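If you're matching them up, the sequences are chains A and B in order. For the first sequence, position 79 matches number 96 in the working numbering, and the numbering has no gaps at all. For the second sequence, position 314 matches number 304 in the working numbering, and the numbering has no gaps at all.
The hints are simulated quantities; they were obtained by calculation from the structure and are not laboratory data. Don't take every hint at face value.
To be verified - Pulled from the structure, derived: some chain A residues nowhere near chain B, Cβ distances all over 10 Å:
1) P104
2) N127
3) N151
4) G173
5) N180
6) L206
7) H225
8) R246
9) S291
10) S322
Unchecked claim - Quick list of in silico lysine to any residue cross-link-like pairs, SDA-like style, CA-CA up to 20 Å:
11) A:K107 with A:G128
12) B:K195 with A:E305
13) B:K195 with A:K107
Unchecked claim - If you want a taste of the chain A side facing chain B, the calculated C-beta under 10 Å gives, among others:
14) D103
15) E147
16) V152
17) P182
18) M184
19) P197
20) L204
21) G230
22) Q236
23) Q240
24) A244
25) I283
26) S286
27) P299
28) E305
29) V306
Remember, it's a predicted structure, so these values are computed and weren't measured experimentally. For each residue, glycine too, the CB sits at the ideal point set by N, CA and C.
Letter by letter, the chains look like this.
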Amino acid sequence: MVIVAGFAVSILAGVVLYFLPAIQVALRDTGQANTSLGGDPQLRPVSASESLSSTSPFTLLLLGSDSDSKFKGDYLTQSMILTRVDPVTKHVTMLSIPRDLWVRLCNGRNGKIDQAFLHGGAQCAIQTVEHDLNVHIDYYAWIGLQGLVSVLNQVGGVNVIANNPVMDDYYPADLSGGNPFDYQRILVLPGAQHMDGTLALEYVRARHDDAYGDFARSQRQQQILIALRAKTKTLTLADIPSLASSLGSNFQTNMSIGQVSGLLPIAGSVPLASITQVVLLPPYTSTEVVSNQDALRPNWALIRSEVAKFFPAN
Amino acid sequence: MAFSGFAANRSLAAFQTHGGSVSLVSATSPQVRLPGTIFVSQGGAIYAISASGARRLPLPAGGDWIQPRVLPDGSLLVVRRFDEYSDLYRVSTAGKVLAQLSDNNQATSNKTLQLDHWILWPAIGPDGTSVYFATDAPKPAPSQSYEVDFSLWSAPLSGDMTIADQGVTGGTRWSVPDAYTGGDVEPVPLPDGNVLYSSYANTGKGTVVSVLGVQTGPHSTMVSLTTPAQNCGAPAVAAGGATVAMVCDHGQTADLEVATLSGTTLSVPRVLVANCLCNSPSWSPSGDNLLYMNASNPDGNFGLWYIANAGNAHPGAAKRVTDTSVDLDATSAAAWMAR
Chain A
18 MVIVAGFAVS ILAGVVLYFL PAIQVALRDT GQANTSLGGD PQLRPVSASE SLSSTSPFTL
78 LLLGSDSDSK FKGDYLTQSM ILTRVDPVTK HVTMLSIPRD LWVRLCNGRN GKIDQAFLHG
138 GAQCAIQTVE HDLNVHIDYY AWIGLQGLVS VLNQVGGVNV IANNPVMDDY YPADLSGGNP
198 FDYQRILVLP GAQHMDGTLA LEYVRARHDD AYGDFARSQR QQQILIALRA KTKTLTLADI
258 PSLASSLGSN FQTNMSIGQV SGLLPIAGSV PLASITQVVL LPPYTSTEVV SNQDALRPNW
318 ALIRSEVAKF FPAN
Chain B
-9 MAFSGFAANR SLAAFQTHGG SVSLVSATSP QVRLPGTIFV SQGGAIYAIS ASGARRLPLP
51 AGGDWIQPRV LPDGSLLVVR RFDEYSDLYR VSTAGKVLAQ LSDNNQATSN KTLQLDHWIL
111 WPAIGPDGTS VYFATDAPKP APSQSYEVDF SLWSAPLSGD MTIADQGVTG GTRWSVPDAY
171 TGGDVEPVPL PDGNVLYSSY ANTGKGTVVS VLGVQTGPHS TMVSLTTPAQ NCGAPAVAAG
231 GATVAMVCDH GQTADLEVAT LSGTTLSVPR VLVANCLCNS PSWSPSGDNL LYMNASNPDG
291 NFGLWYIANA GNAHPGAAKR VTDTSVDLDA TSAAAWMAR
């Protein structure tokens, strides 16, 4: 059986959250064209003067996909993290949406939520999450696998405390240039350590030898996102060109320069104690076989109650 | 296949920062000078730090040399880690390979990589003739299960051992891990014959945590010394076997703590360093002074730190041994030789 490894990519969303202002300034200043930036025109158009440095809380859907050669532009989202940022209270909430969550997709069909992006890109992913979780989403950011590794390397990696030995004898060997369906063994040792892009990807992507599988790696994805906060204090304008080029087509967003101009100081000023992490373990979800697929059946009443609490309408 | 760890991307010529090489030998300008020789790992190489400076052991190229341990005869046990397996070696302090104690490389052109094995966290037994370690054996046959977790084993230093999916031929199994957690790691054989270690466990509540446990013999029931809520690991025991240093993980930060071990009972720990990125404590030969790895800020390099009289009621202040531009492998404890 081909095991399509999930790709954690909320991290990139984290990168977006922290670095997008600089990246977009760099794109503007360097004159590089990137059609993936600028966003989906059907997605809640906003004026250029609107800025995230305002006092209003906003929501951001972070999406991550395997984007290696196994796929040809038809990407599932292996990682979805719904994030709410309150610039005034400096509180950040991150809710990981399991990729196997069985939902009503934007096209009216039932399926796993990771298929929404495949069927209709970011717009479908957003519509699906908005409808099923009863939440409003202001912005999105999507990152591909190689982009995540590149950006983490560009910023010099992150310091992380690995909670336990992360082991996987069936980890996808899809970044080494050979057969993308091959496996490799990986081991991330426990404890505090420095991780470069490749090691961090292994940390957030491995799932086979894990008591909590996708849930555990969702927690690790959020952990990497939080670790990225430290980088906001060391980023300078001189880093921008290389950061921008490292993303390339591995990045999409609907945020404009004006909208993200205030993100960097916000990210750097959020204290650890003001970050709430949410993962939808049972009883919020339950494992079932649905349409011959291993899936997670949502308890919508419980989930929507939590979403209403953590992601209130402004 | 590209190496999957971060260390392989770094040049091995000198101590380095995250960003690039620096022509720096930290021991020439340390904040604190320590007696004897301290062995650390950085960028896949073993360095010896002493009063005369720091030097890189000229070990054979290939793989990462990590987790040095000092043997009673003055040689070192060192793990050599490759992409998908690791092996244990005995080497001289001059960097000469004296013996290869395991051979986990499948020297075939069409290997099944799941048959490879890890061996890590070597520790010398109290009589100096045996080695304790963690390895991912036994494990189910390939394609039968995804499970791969560490178990604790011991084996004679003088004998041959073979690690296979069924277990370690020539070795003694000590523990049975909690499945899909990472298992049991970081064994510390104690003078009384017991073995202290970190055991990862599934709480059943969405988390995997580490507890310090002690066993009085192979396959004996583990006695928990810490609670799941404490989430402590990385034990290091001072000479004499009574003072335990450990790192307790709180998610984004950790505490470095010490406690007193008496049989299968651990005292209430004292926090030496709070809210740190501490890892891999190890003790001086005398058992008085503690070394550990730490990054002084969330984005900083991992350096070697020192606390004098760490087991006392009034320990010394934490001092950085290596320069701030040095970036050590934080998952590899330092080994301190008296001379």
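Now the hints, each set against the structure:
| no. | hint | in the structure |
| --- | --- | --- |
| 1 | P104 | holds, 22 Å |
| 2 | N127 | holds, 26 Å |
| 3 | N151 | holds, 24 Å |
| 4 | G173 | violated, 5 Å |
| 5 | N180 | violated, 6 Å |
| 6 | L206 | violated, 4 Å |
| 7 | H225 | violated, 4 Å |
| 8 | R246 | violated, 7 Å |
| 9 | S291 | holds, 12 Å |
| 10 | S322 | holds, 18 Å |
| 11 | A:K107 with A:G128 | violated, 36 Å |
| 12 | B:K195 with A:E305 | holds, 19 Å |
| 13 | B:K195 with A:K107 | violated, 29 Å |
| 14 | D103 | violated, 20 Å |
| 15 | E147 | violated, 26 Å |
| 16 | V152 | violated, 22 Å |
| 17 | P182 | holds, 3 Å |
| 18 | M184 | holds, 5 Å |
| 19 | P197 | violated, 12 Å |
| 20 | L204 | holds, 6 Å |
| 21 | G230 | holds, 9 Å |
| 22 | Q236 | holds, 8 Å |
| 23 | Q240 | holds, 7 Å |
| 24 | A244 | holds, 7 Å |
| 25 | I283 | violated, 17 Å |
| 26 | S286 | violated, 14 Å |
| 27 | P299 | holds, 8 Å |
| 28 | E305 | violated, 18 Å |
| 29 | V306 | violated, 18 Å |
The structure shown violates the earlier hints numbered 4, 5, 6, 7, 8, 11, 13, 14, 15, 16, 19, 25, 26, 28, 29.
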